[in-house]
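There are 4 protein chains.
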Amino acid sequence: MIKASVIGATGYAGVELVRILGQHPAVQLVALTTESYKDQKMSAVFPHLVHGVEMTALELDLVAVVEKSDVVFTSLPHALAMSIVPAVVAGGKKIIDLGADYRLKDATVYGAWYKHQHTDLENLAQAVYGLPELHRAQIRGRKVVGNPGCYPTSVALGVAPLGRADWVDWDSLIIDSKSGVSGAGRGLSLGVHFSEVNENLKAYNIAGTHRHTPEIEQEISGLAGRPIKVSFTPHLIPMTRGILSTMYFSIKSGVGVKEVYEAYQAFYSQEPFVNVLEPGQLPQTKHVYGSNYCQIGLAVDQRTNRLLVVSVIDNLVKGAAGQAVQNMNLLFDLEETVGLRTLPIFP
Amino acid sequence: MIKASVIGATGYAGVELVRILGQHPAVQLVALTTESYKDQKMSAVFPHLVHGVEMTALELDLVAVVEKSDVVFTSLPHALAMSIVPAVVAGGKKIIDLGADYRLKDATVYGAWYKHQHTDLENLAQAVYGLPELHRAQIRGRKVVGNPGCYPTSVALGVAPLGRADWVDWDSLIIDSKSGVSGAGRGLSLGVHFSEVNENLKAYNIAGTHRHTPEIEQEISGLAGRPIKVSFTPHLIPMTRGILSTMYFSIKSGVGVKEVYEAYQAFYSQEPFVNVLEPGQLPQTKHVYGSNYCQIGLAVDQRTNRLLVVSVIDNLVKGAAGQAVQNMNLLFDLEETVGLRTLPIFP
Amino acid sequence: MIKASVIGATGYAGVELVRILGQHPAVQLVALTTESYKDQKMSAVFPHLVHGVEMTALELDLVAVVEKSDVVFTSLPHALAMSIVPAVVAGGKKIIDLGADYRLKDATVYGAWYKHQHTDLENLAQAVYGLPELHRAQIRGRKVVGNPGCYPTSVALGVAPLGRADWVDWDSLIIDSKSGVSGAGRGLSLGVHFSEVNENLKAYNIAGTHRHTPEIEQEISGLAGRPIKVSFTPHLIPMTRGILSTMYFSIKSGVGVKEVYEAYQAFYSQEPFVNVLEPGQLPQTKHVYGSNYCQIGLAVDQRTNRLLVVSVIDNLVKGAAGQAVQNMNLLFDLEETVGLRTLPIFP
Amino acid sequence: MIKASVIGATGYAGVELVRILGQHPAVQLVALTTESYKDQKMSAVFPHLVHGVEMTALELDLVAVVEKSDVVFTSLPHALAMSIVPAVVAGGKKIIDLGADYRLKDATVYGAWYKHQHTDLENLAQAVYGLPELHRAQIRGRKVVGNPGCYPTSVALGVAPLGRADWVDWDSLIIDSKSGVSGAGRGLSLGVHFSEVNENLKAYNIAGTHRHTPEIEQEISGLAGRPIKVSFTPHLIPMTRGILSTMYFSIKSGVGVKEVYEAYQAFYSQEPFVNVLEPGQLPQTKHVYGSNYCQIGLAVDQRTNRLLVVSVIDNLVKGAAGQAVQNMNLLFDLEETVGLRTLPIFP
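Chains as they are written, first to last, in the numbering used here: chain A, 1 to 347; chain B, 1 to 347; chain C, 1 to 347; chain D, 1 to 347.
These aren't lab readings, by the way, just hints derived from the structure by calculation. Check each hint, because a few of them may be wrong.
For the chain B half of the interface with chain D, some residues (derived, Cβ under 10 Å), not all of them [what the hints assert, rightly or not]: (1) 180; (2) 186; (3) 195.
Here are the simulated DSS-like pairs of lysine-lysine, each with C-alpha atoms no more than 27 Å apart in a straight line [to be verified]: (4) A:41 x B:258; (5) D:68 x A:115; (6) D:252 x A:229; (7) C:38 x B:229; (8) D:68 x D:115; (9) D:143 x A:229; (10) B:93 x B:105.
Nothing here was measured: the structure is a model prediction, and the numbers come from that model. Every residue, glycine too, gets a C-beta built ideally from N, C-alpha and C.
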């Protein structure tokens, strides 16, 4: 059994990790830590865990956590994981950070977007961006995984197959993303107040101001082979879970949707968690609800020579906790899908 | 492997059965039938099944289905299963009916409420009401199971422990139930039109007119040891899944919530799917979302000498498909919880 | 023009008052006060006001407010209005309090439920409970109005016509109420966090612990002519606006729904804001959305000798701000419906 | 009083017209027609009308309707109004069509998109596209108004001020629109089934296949002064009312948001129903809920040289019935805002 701990187990991504790890056949949870609910039973704070997780959330004792764990998950606001990772690595254990600290390879970019100087350049240099569908080979055997953000996951999976072709103008990429409210976390604000969100719709952090922008650009630039800047616009949708990203590219005249579909199919044919829909079909967030799956739809608008890609994920699973467990499976040479094959809940 | 078929696999309860059975380690799905989507791949109709269920929905060929199945599930409008059950029983196979045809022991009561004469009295006499927490011993070894309705499940689990005590006036029972919209099925009507239901709330089929009333009364009468009539009022809530039933009893003066709680704890202590909350805690439907669990909260209002019981289930799982699989596990001497321990999705 | 001020204009009831008063043909808004948004334009905080209300929210200067106003509305947490009312009355102006301080006639009951000693017994004695349909005559000419709570409004309107008849056992009354989330106010808490409320349902403050209980009992006792205790159970519904109360009475054998309906029709025939539905019809909260109307449905369950009454209101309008304006119209001898005839928004 | 009729009064746009016209101080409703609810009282079908509209919905008798009306509104599926308009015009009355038949000036474009040959070319030639903010002068005195679609209204208002400047590349325009479910009408389909839409999100009719595309292009081409093709992608959002359109343009390097904002302010400064938000503010659909207002937010992404425009309307009011009444006010030389100044409902 892999001994796993979650530091920050009482936010939405953290408790989702607990749910998934608590049902994982090869994992034993050994420590769950919290700032807000110290010494309370997890099932008292989150009654949905009552039949499966009998642990108590504790204040963080980092030495003890490292000592007893094979792998540590951190699910914390940015700038906190970087003070934890060195101790885990020094202790010879693996760490998967669900926050932003180990995603951006360039520490100056991190500093510019997160207004905080990175203090763990050594491990940052060793860290891998944990998107298995793009970086599987580099993830295996690594010590530190920067688990991708929810929006970047939906985008990178949506455009990855285009990296092999010469069809699209990467500079033309416009990303219009829509997210459920759980992506904003469990903290309190008017922005997540039911009466302000329900039966309402808005864009936020637009025009290149959302912090997932550099992470998206890092992956897109990798696919394009040169630095790319994108327009990324997030929207808040009155639902709890799910991200849908609509992506627009200028595409070479004459490239049809069948060709694009075949390239996507080829790229993802062996991927257990990504499904490419046949042209004419479009994905819906509910079709991946509560699961680690991603579904992708494709269309070419011949009138405007544009390729449209629509991708959906569950922001808390493939966009956070599920992907973290997928990375853990890779780190420990398990079957990549173990503990993650639960079918989506519909309706 | 148990060979299982679902007749009526493309309604909400049917497809939920497919989802659960498709992930059950001891089950092999052998036939899925449909009226509406003949010869279509299940995953084309329900894309959430794409990674787990590769079957095609077929028109019903009853002889073939019985032939190849160990157990048949029927998930059909009332009055249809009674023309299927005899053939299954004659073929020596087990059948679990998620509809209403085999729930009411008294065929005249069935006829009065469903406006249809029962035509399979022989199997009705043999059938068992498939609520394991109340009738587990009678379910084992039976051929025909009448799987309980969603409302009656939430009510019967909520009041069952009171059958042993002498505390409540059974005639005083008032049941105010609230259900998500999926309970109304996948058929089209203004009553399930999003714009009519969203941001809206109503009672319906009130004052003893809802067809779950006789089923509730059958179980309550069994607990009380004499015929009881109840006030049962269902309400439609703008959410997809979940039932919450609030039940009001006149209670003997002097009986406190601690006493009641201990009786409930004792009654359910060995039950894998029912959780009684400590006094002061109240259940929420989201805490059982997508799962086979039931949670129950208790309170005594000393000012009015009333006992309040609040129970929650997922109407499509413990209220339909999950309970059907729980019954199947019993019929085939499997561990009762196999395939059903998935934790609820939260948030 | 009546010069009106709102103290506490940036909570949900307060801003709803601003919306209604801002469109009232006989009202001029002269002061809006706030704790949270001092010196901000109302339309910057609440952009829906941009085309109709050009005022700035100010810190409370009570002397100035009284000086410039003919009527003051207070929309504050309990125990605050009682320090404001004396100054308004002393200044010779009218005051309508949307909070709890002037609703309960018995100050010891207030103290027991609100854990705060009432400090303005003089004005409390003069105050009228501002439910026009029950107390219209007493409201006219009064100086201080205690505007009813949202739940009590839905209940009192639902049962008022029974006060004239001898049909029901008042002690048998069970009230199962369901409210949208805006009733919990604009303050932040997990209880109004979108991801915790959406697709969820719960009871709260049950078994005689909700602070609207004594207010309900005061009005019921008035109708019954003797002290009555009721079971009142509130539930939180995943919608923004609307209250539906389902009320259960034991009723004299032989009294039919037609008789009850006719009594209700007679009682409410001249009321501009209350509509009694014909037997067989049931009210929906959406049918009064955004309006000052109340709709009531009736049924008699002959099987159990119970009368069911279902009433719906918009909690922020008839349950708060609209009713306050209705009271203002009465205080100033205006047509009672002025500024309040806007039809509900549907769907 | 203007005598007004609504042909097709029991769809969502039709009944919204009835609600607005029923409260309009200069209008008398004289006939409401229906296919589905013949001879039923409007308030029986739509109980929110009970306090304001006492009419019965009748089968269409066109001669009688024209005879008694000064203005006729048609709210019908496409291809039906064109058989009604000639009779209304021949009768010397005005007509405002909320459907698609009189919006596209080019009948061949209409035929290509709606798969139906236009049979009333004469009136089509006389008709005006009823977007007052762009075509006010042409609307006055006209007989036939083609009332704009909901999406095109949100788009045309969002980009209209750019027609005067030389900043944007019109060919670069990408429109990502999101609509509430009421835009799909009151007809039944799985696409509006609550359990399929709630807690879900999807794109539909993408890549230049939605029928509002040619209407959008007609208006955009008018602004650009040459034929323009656009990418228009609609999405279905789990809410009842509201459209938000996010529009992306390539913009000349060096043009800042302040410049753009000032141009928008200048363009809309005299418009009663359009509000341009200051840079940094973004519109939300809830801020125009139930009202005829449009709010617009602006941003320039200097990193990618893109202008982002975000516009919101209520799809049933400014996107349908409210705009139709605004057009009626123009046709009859009333103050343009009469009957339409109701503030949005928030929250």
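Hint check results:
1. 180: holds (8 Å)
2. 186: holds (7 Å)
3. 195: holds (5 Å)
4. A:41 x B:258: Answer holds: residue 41 of chain A to residue 258 of chain B is near 21 Å, not above 27 Å.
5. D:68 x A:115: Violated: residue 68 of chain D and residue 115 of chain A sit about 69 Å apart, past 27 Å.
6. D:252 x A:229: It holds: about 17 Å lies between the C-alpha atoms, which stays within 27 Å.
7. C:38 x B:229: violated (58 Å)
8. D:68 x D:115: Answer violated: residue 68 of chain D to residue 115 of chain D is near 34 Å, above 27 Å.
9. D:143 x A:229: Violated: residue 143 of chain D and residue 229 of chain A sit about 51 Å apart, past 27 Å.
10. B:93 x B:105: holds (21 Å)
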